[in-house]
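There are 2 protein chains.
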Amino acid sequence: MDSEQTLSAWLPDLLYDGKRWHYDTALVCDAGGRVVDLVPATEVSGMMIRLPNQALLPGMVNAHSHAFQRVIRGRTEHRSGASRDSFWTWREMMYSAVTRLTPEDIYDASRMTFLEMALSGITTVGEFHYLHHAPDGRPYDDVNLLAKAVVQAALDVGLRIALMRVAYFRAGYQQAPDPQQARFIETGAERFIQNAETLRLNLGREQPGRAWMGVAPHSVRAAGLPELRSIAEYAARRELPLHMHVAEQPAELEACLSEHSRTPVDLLAENGILSPSFTGVHGIHLTEREIEQLAFAGANICACPTTERNLGDGIIPADRLFAAGISLSLGSDSHAQIDLLEDARELEYHLRLQRLERNVLAPADPSPSALAARLFDCATIGGARSVGFDGGVLAPGRPADFFTIDLKDPSIAGSSLDDLLANIVFGSVRSSVRDVVVGGQPMVAAGTHQVQADIVDRFTTLQKKLWS
Amino acid sequence: MDSEQTLSAWLPDLLYDGKRWHYDTALVCDAGGRVVDLVPATEVSGMMIRLPNQALLPGMVNAHSHAFQRVIRGRTEHRSGASRDSFWTWREMMYSAVTRLTPEDIYDASRMTFLEMALSGITTVGEFHYLHHAPDGRPYDDVNLLAKAVVQAALDVGLRIALMRVAYFRAGYQQAPDPQQARFIETGAERFIQNAETLRLNLGREQPGRAWMGVAPHSVRAAGLPELRSIAEYAARRELPLHMHVAEQPAELEACLSEHSRTPVDLLAENGILSPSFTGVHGIHLTEREIEQLAFAGANICACPTTERNLGDGIIPADRLFAAGISLSLGSDSHAQIDLLEDARELEYHLRLQRLERNVLAPADPSPSALAARLFDCATIGGARSVGFDGGVLAPGRPADFFTIDLKDPSIAGSSLDDLLANIVFGSVRSSVRDVVVGGQPMVAAGTHQVQADIVDRFTTLQKKLWS
Numbered sequence: 139m140d141s142e143q144t145l146s147a148w149l150p151d152l153l154y155d156g157k158r159w160h161y162d163t164a165l166v167c168d169a170g171g172r173v174v175d176l177v178p179a180t181e182v183s184g185m186m187i188r189l190p191n192q193a194l195l196p197g198m199v200n201a202h203s204h205a206f207q208r209v210i211r212g213r214t215e216h217r218s219g220a221s222r223d224s225f226w227t228w229r230e231m232m233y234s235a236v237t238r239l240t241p242e243d244i245y246d247a248s249r250m251t252f253l254e255m256a257l258s259g260i261t262t263v264g265e266f267h268y269l270h271h272a273p274d275g276r277p278y279d280d281v282n283l284l285a286k287a288v289v290q291a292a293l294d295v296g297l298r299i300a301l302m303r304v305a306y307f308r309a310g311y312q313q314a315p316d317p318q319q320a321r322f323i324e325t326g327a328e329r330f331i332q333n334a335e336t337l338r339l340n341l342g343r344e345q346p347g348r349a350w351m352g353v354a355p356h357s358v359r360a361a362g363l364p365e366l367r368s369i370a371e372y373a374a375r376r377e378l379p380l381h382m383h384v385a386e387q388p389a390e391l392e393a394c395l396s397e398h399s400r401t402p403v404d405l406l407a408e409n410g411i412l413s414p415s416f417t418g419v420h421g422i423h424l425t426e427r428e429i430e431q432l433a434f435a436g437a438n439i440c441a442c443p444t445t446e447r448n449l450g451d452g453i454i455p456a457d458r459l460f461a462a463g464i465s466l467s468l469g470s471d472s473h474a475q476i477d478l479l480e481d482a483r484e485l486e487y488h489l490r491l492q493r494l495e496r497n498v499l500a501p502a503d504p505s506p507s508a509l510a511a512r513l514f515d516c517a518t519i520g521g522a523r524s525v526g527f528d529g530g531v532l533a534p535g536r537p538a539d540f541f542t543i544d545l546k547d548p549s550i551a552g553s554s555l556d557d558l559l560a561n562i563v564f565g566s567v568r569s570s571v572r573d574v575v576v577g578g579q580p581m582v583a584a585g586t587h588q589v590q591a592d593i594v595d596r597f598t599t600l601q602k603k604l605w606s
Numbered sequence: 139m140d141s142e143q144t145l146s147a148w149l150p151d152l153l154y155d156g157k158r159w160h161y162d163t164a165l166v167c168d169a170g171g172r173v174v175d176l177v178p179a180t181e182v183s184g185m186m187i188r189l190p191n192q193a194l195l196p197g198m199v200n201a202h203s204h205a206f207q208r209v210i211r212g213r214t215e216h217r218s219g220a221s222r223d224s225f226w227t228w229r230e231m232m233y234s235a236v237t238r239l240t241p242e243d244i245y246d247a248s249r250m251t252f253l254e255m256a257l258s259g260i261t262t263v264g265e266f267h268y269l270h271h272a273p274d275g276r277p278y279d280d281v282n283l284l285a286k287a288v289v290q291a292a293l294d295v296g297l298r299i300a301l302m303r304v305a306y307f308r309a310g311y312q313q314a315p316d317p318q319q320a321r322f323i324e325t326g327a328e329r330f331i332q333n334a335e336t337l338r339l340n341l342g343r344e345q346p347g348r349a350w351m352g353v354a355p356h357s358v359r360a361a362g363l364p365e366l367r368s369i370a371e372y373a374a375r376r377e378l379p380l381h382m383h384v385a386e387q388p389a390e391l392e393a394c395l396s397e398h399s400r401t402p403v404d405l406l407a408e409n410g411i412l413s414p415s416f417t418g419v420h421g422i423h424l425t426e427r428e429i430e431q432l433a434f435a436g437a438n439i440c441a442c443p444t445t446e447r448n449l450g451d452g453i454i455p456a457d458r459l460f461a462a463g464i465s466l467s468l469g470s471d472s473h474a475q476i477d478l479l480e481d482a483r484e485l486e487y488h489l490r491l492q493r494l495e496r497n498v499l500a501p502a503d504p505s506p507s508a509l510a511a512r513l514f515d516c517a518t519i520g521g522a523r524s525v526g527f528d529g530g531v532l533a534p535g536r537p538a539d540f541f542t543i544d545l546k547d548p549s550i551a552g553s554s555l556d557d558l559l560a561n562i563v564f565g566s567v568r569s570s571v572r573d574v575v576v577g578g579q580p581m582v583a584a585g586t587h588q589v590q591a592d593i594v595d596r597f598t599t600l601q602k603k604l605w606s
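From first to last, the protein sequence lines are chains A and B.
To convert, take the position in the first sequence, counting from 1, and add 138; that gives my numbering.
To convert, take the position in the second sequence, counting from 1, and add 138; that gives my numbering.
Hints in this document: simulated from the structure, not taken from any laboratory.
Please note that the accuracy of each hint is not assured.
You can't tell identical chains apart in this list, so a pair holds if it fits in one copy or across any two.
[Said to hold, decoys possible] In the DSSO-like style, the derived pairs of lysine-lysine whose C-alpha atoms are separated by at most 30 Å in a straight line are:
1. 546 to 603
2. 546 to 157
3. 157 to 286
4. 286 to 602
5. 546 to 286
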């Protein structure tokens, strides 16, 4: 092999490239952080990092995150005082944090969230970012100050980030402005696009391949149709991923019917907003017709089951979505927990609870890991597709982003090649994650992040400030 | 304090006694492994083990386990070939392992399962043990050989064990014998009681306080009414806990109605089998009348949500059970995962998914940890009550069984005193568990068990033998 000096190679016991397992195979990557090839161990010359008792897998892509919401973890699991708690009473508690965070606080909270992602094998995050302004609603001198703070947090941890810049224009159809949303709201699509374009150019110049932008009209509640159309047109022109909360709550559906006499997806389909670059986040309360429309357009759905169970949103109909051929991704969303493998298993498990049936999402393939492979795809290539990234598989030319699992961890010990992926998806715990590498650069080693102690200390200080 | 030499003291940053948190407080225990008192740190003389950055909590009690089922983890998450997979197709796969395990295999599998429990903060297990005979159905020379292998595995790991000796007499009402059940079946209640009594005396003599016996008619499927009555009478005479699978599957309910013209709990209530020593395991498909009957008798329910979601059993109506004042415990059952805190949160989360509502099980108390405390009680004092054990709280005279949590673990970092328990129950990951102590003796230190490598190696060898 030429120019050995510039190549790095890793040799685990087992390597999953996104399709199948390889024995005695090294992952070779170039100085630019891309995979050169998967090579038999005996053919590697030069430096090779051995990873004994470890399995190596493509890094996971977390397609939906609100990083700052980590500050309310554990603070909403009690009665709010309302007669019945729901997503909406939770949202009030979330807003009470929103209005108090400084740019530095947002950086510290985001870094904490991204640290947890890194430790769990996530290498890329899609951050659905809706905090733009100062608490009083005035833009900062740099309108993208907060977006940049979040991007910096991801880069400082070592994650790649797709900053999905959120468009938020109103509290809802025929709803009075909500002062708690002052940090989200920009005055019209034109201003939004102008601010987004500034950020897009900045990220493209400063962080090519490590940070990029997508756009995200928050929901049909928060944007009217003309704005949705303008933003979709901008996204298409710039080839940006377009994310949007869709069908998370029944109330959203009702409001959309009132305003547009159409269901949300119906409205998006009719206005040409659905495309392979479009991801509907949640997609819980969907009609058959809406599923057909999403499938016809090649649009994606991002499920966030650990958050959806925490918020009482409901169960995503993953069976109907898979049957329609829709690509699914996963997101840790509110960060009640950060564990995409738990999200992956819940896609299936929540349907088991609903149907009193097993292996609901399993393909006909009788291999013990066939269902697990389908679910793991959601955490990898499904996510990559959703956020506009060419990772999620380990193949020549693709980013060298991966994590390793300790094969002696008690949660998966004793696995054989045919059930290893099933054990990883259905049974592994976070402590089984050992090394995490992004673009050939180590981010987590032996289960610990290099600046973990500092991140935790700063976050602890932040939480004391916020809540005592 | 007198006789300092014989006392041990632990000083964590925070100590939860089962009711509230204490600062600067040491847990002092005697040479017999019992709590002497909770003492202000400044008043402890003599040796004190400092546990900086750790919170100390009562050890968890896993009230329902089938330890050997660990061997099929990850091997049933795919289509069985039946048109529709369910608990029953899973059972066939489980039976295919049952028929092949030697006594040594059962020891190795059990030790692996108990190791995982230890690492997750469980200090006592209720093992619902139904493997009695050789694969051909013949009793071993010692009829309790396999029960003793399981007990030995628990003791070698360091766990306390309540061996719930299972009574299994038939495949079901008007069902032909199933040769795959040959290892479970004993010929009649008299023989069962004789064998059980031998085991009870043996454990009482050999392992007082570390291993004890309960009895467990498997289900209304596996035992007829006269046998149920005999065993319940025996349990009452010897003051033994009495466990039984109840209302796990709709088919069980139908069979019971056919045979007895009564629902399972109705039958048990009418025949005086319910009592405060009785635990119905699962309790998913219960009528209002059955819940009233359980409550009236002071009987317990053990929920196993991670298994119930894996098996597609359904959602336990924990809201109705709490409202009736029934004591709930938790079990890891089939060991699809071993994480009682995940079980605890699912008690609540599955109801949120069903109801599209939050904080369903929360008491009116507005403290951020009120719901978490209720769920944590299920994993501690609820379990202790169910298996006939005086642990689950840290108070003078009680067993010194506890685990510690690393307060800097990224999953719970930044918690304050009022939301710490909520973060532990709703968000913590297993890697946050540091030290686990049973009867004053360390079992897990700094997240690792002393003989972990050996246990994992032997289990790996077993799995190769079984599945390759």
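Up to 30 Å CA-CA - residue 286 versus residue 546, copy category
Answer is between: at 27 Å across copies they meet the 30 Å cutoff, but 40 Å inside does not.
Within, between, both or neither: residue 157, residue 286 at alpha-carbon 30 Å
neither (35 Å within a copy, 44 Å between copies)
Up to 30 Å CA-CA - residue 603 versus residue 546, copy category:
between (41 Å within a copy, 17 Å between copies)
One pair to classify: residue 546 and residue 157, alpha carbons no more than 30 Å apart. Within, between, both, or neither?
Within one copy only: 23 Å inside a chain, 37 Å across chains, cut-off 30 Å.
How do residue 286 and residue 602 come out at 30 Å by Cα distance, when the copy is not named: within, between, both, or neither?
within (24 Å within a copy, 51 Å between copies)
In this structure, the one hint that does not hold is number 3.
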